[in-house]
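Given the coordinates of chain R, assemble chain P onto it according to the supplied hints.
The primary structure of each chain is shown beneath.
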Amino acid sequence: MSISTASAADSAVATNPPPPVRRNRRPLHAREWWLGALLVLPGMALAVTFKLVPLIRGVITSFESSSGFGDSSFAGWDNFTRMFDDPVVLASFRNALLVVATLPVWIVLPLVLSVLIHQRAPGWKFFRAVYFVPYTIAPIVVGIMFRQILSPDGPINALLRAVGLEPLAIEWLNGQNSALFSLVAVALWSFFGLGVMTYLAGLATIPEEVLEAAYLDGAGFWRRLFSVVVPMLRPTVAYWSVLCASGVLIWLFPLIYALTQGGPGNATMLPEYLVFLTTFQFLDRGYGSAIGIALFVFVAVLSIFSVRHMFKEGTRKPR
Amino acid sequence: MNRRHSAQIGRYLLVFALVVVAVAALYPLLFTVVSSLKTQTGFARDPLGLPAGITFENYVEAFKRMNMPRLLLNSIITTVGGLVLSVLAAMLIAYTVTKLRFRGGKLVFLFIIITLTIPSQAIIYPLYQTVLDLGMSGEYQGLILAYAAFGLPLGTYQLAGYFQQVPDELIEAARVDGAGHFTILFRLLAPIATPALAALAIFNFVWMWNDLLLPLVIMGGSDSKTLMVGVSLLSGQYDVSVPLVSAGLIVALLPVLIIYLVFQRQLVSGALAGSGR
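Taken in order, these protein sequences are the chains called R and P.
So for the first sequence, this note's numbering puts the first residue at 1; every next one is plus one.
So for the second sequence, this note's numbering puts the first residue at 1; every next one is plus one.
So here's chain R without its partners, still in its complex pose (with noise of 0.2 angstroms):
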């Protein structure tokens, strides 16, 4: 509305006619701009319907009162003042930094796999096709499947009673320091396989001369990875982490849902989790809201630097 306001002003206020280049060419642009809008609206009524929409009413929810199924009142700050009080809260965010904090393994580990790999060893077309093999298991599968493996009669503990490692053989998913761990590892097993994928990616882009060069000159294979690789395959490595980053901390829904549901105590309780447990279980529709915003910022922080590389790559013309 405020548009078209203004341009009825324009109009009564501008008295040159448009310079004759533009005007010649007003036709072909008008019939493609309303294509174009016509091509990009079931896109963008998607993004706006799923995405902006829901964002907005949670904005609002957040700021609202309720409980059980009944009415919600106005509140105001209360449900974000509410979280700094609320240890099960503040242990799901301190929970999500010990996870943000194990970043680096999620970021070598999968690069080393891809390198070794990518030295052509015998029977690397296998690796790689096994590697990824968990990536494809769905995480609540997974989840599942690892209460079995990590329950205290399972293979693990079996495995660490037979090679002698006794007093390793703990009850994994149910310490309070052990279950973030365990958690944590099986994600890691869960999404490895998605990272050598991607940094082998990125090695096929490296020209082979390169690191046979290297190679010649007696570089080993740290050497090679780090002073070589690595550098050569910065924009990966990059983009890999940012993925990782944001990625962490909403990948963990299913595992938590099938091994630990957020305990013991609140060792595995974790914002995102939090959001639906106190939305559809303990029917606090504001409250959990407004722990989906917090989570919403926290993660929009650390996804702010893929965004902006991605929005760079895919406007760059070019030539």
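It is worth saying that the hints were derived from the structure and are not from the lab.
Hints are supplied without guarantee of correctness; some may be wrong.
Only part of the chain R face toward chain P is listed, based on derived beta-carbon distances under 7 angstroms [unchecked claim]: (1) Leu46; (2) Phe50; (3) Gly58; (4) Ala129; (5) Val130; (6) Gln148; (7) Ala158; (8) Gly288.
Computed spacing ranges between beta-carbons, pair by pair [said to hold, decoys possible]: (9) Leu88/P / Arg161/R: 50 to 58 angstroms; (10) Gly104/P / Pro87/R: 44 to 52 angstroms; (11) Ser6/P / Ala185/R: 27 to 35 angstroms; (12) Asp46/P / Trp77/R: 55 to 63 angstroms.
Cβ atoms here follow ideal geometry from the backbone N, Cα and C, with glycine treated the same way.
Using the frame of chain R, we list chain P on its own:
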């Protein structure tokens, strides 16, 4: 000679390391398969060893208990629907942004990419509310549209990157030859972007088929619930035996695994091609 020796040893070490990781990657799967082939008592007697006798009883029971055919159908409908819709919408936007003189194209592109920062986990209640208001809660179209929206940013980004590399002259030439926009998009650009489309299709398939949160919230306990929601119910039932659960898990993971093994080459070449930029 010495150098060759140490190179040889290095090679053994390399393969050894790769094998260790491969075993770690496959063992959980193997354990689950083996468990699913044991009888209840057989598992209780020897939970870790190989089964004394192989039984497929658990698969029959899991199929019946979980109403597997219906769950599989639901998953196929929502996954394929979400996949096709998100890729189509992404193609249209990518084409407009890179190949049309469309003012505001950058803004559209930026908006779509920015929605990547909105994870479903953070807005799950208002998303549910929106689906409910549209009358699509518990309906296929609710989940399909949500999947399409969440698959859009990455798809648009990947395809835009691909279309961008196609020289404008090629498109001008096609236009002079009388090709319309849809001919250009589907007959000229799509074939060029086949690797990206294949990779996109497989990644989206894996994600949508395996996702739990969206179907859990949108489908709830309805008859349209997906396979993963059905599987998640297994995690709460402690009366269900490990062999039975294992059989259910194997059925749930098999479709994606098969598709992955069949389309593996396309996935790799797609990932390779996508990173060429």
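How the hints compare with the structure:
Given the 7 angstroms rule on beta carbons, the hint for leucine 46/R holds: about 4 angstroms separates it from the nearest Cβ of chain P. About 4 angstroms separates the beta-carbon of phenylalanine 50/R from the nearest beta-carbon of chain P, less than 7 angstroms, and the hint is met. Below 7 angstroms, beta-carbon pairs count as interface contacts, and glycine 58/R has one with chain P at about 4 angstroms; its hint therefore holds. With a least beta-carbon distance of about 6 angstroms to chain P, the hint placing alanine 129/R at the interface is held under the 7 angstroms criterion.
The restraint placing valine 130/R at the interface with chain P holds, with a minimum CB-CB distance near 5 angstroms, inside the 7 angstroms limit. Given the 7 angstroms rule on beta carbons, the hint for glutamine 148/R holds: about 6 angstroms separates it from the nearest Cβ of chain P. The criterion of a C-beta within 7 angstroms of any C-beta in chain P is met by alanine 158/R, whose closest approach is roughly 5 angstroms, and the hint holds. Checking glycine 288/R against chain P: minimum C-beta separation of about 6 angstroms stays under 7 angstroms; hint holds.
Range check, leucine 88/P to arginine 161/R: about 55 angstroms between beta-carbon atoms, so the 50 to 58 angstroms window is met. Taken as a hint, the range 44 to 52 angstroms holds for the pair glycine 104/P and proline 87/R, whose Cβ atoms sit roughly 47 angstroms apart. The hinted range of 27 to 35 angstroms is satisfied by serine 6/P and alanine 185/R, whose Cβ atoms lie roughly 34 angstroms apart. Between aspartate 46/P and tryptophan 77/R the beta carbons are some 59 angstroms apart, a value that agrees with the proposed interval 55 to 63 angstroms.
Violation of the numbered hints given earlier is absent; every hint is satisfied by the structure.
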